[in-house]
Amino acid sequence: MIKLEPRTLADLPLTSYSDHPTTELKTGTWKYVQPVYEDRLPPCIERCPAGNDISGLLSLVAQGRVSEA
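First residue of the sequence shown: 110, per my numbering; consecutive thereafter.
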């Protein structure tokens, strides 16, 4: 197996290379799988025992508005 350690982008090969048939890779096919979007509450809001808006608090802290949080 070839082990590459590129130092720059120009050192990378133009195409991928495998010295074994890819049929030996037991990863299955992903071309038929599509992500599913679910409009749900984040677990930190849904399960907070105090009912606090955790994501809102973290957003305020990230903005430097700690006293408001």
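I should point out that these hints are in silico values taken from the structure, not numbers from a laboratory.
Glycine included, each C-beta is placed from N, C-alpha and C at the ideal position.
There may be inaccurate statements among the hints.
Unchecked claim - Quick list of the computed label-pair ranges, beta carbon to beta carbon: (1) Gly165 / Pro130: 45 to 55 Å; (2) Asp148 / Val175: 25 to 35 Å; (3) Val170 / Tyr141: 39 to 49 Å.
Violations among the numbered hints, reported as their numbers in ascending order:
Result: no hint breaks.
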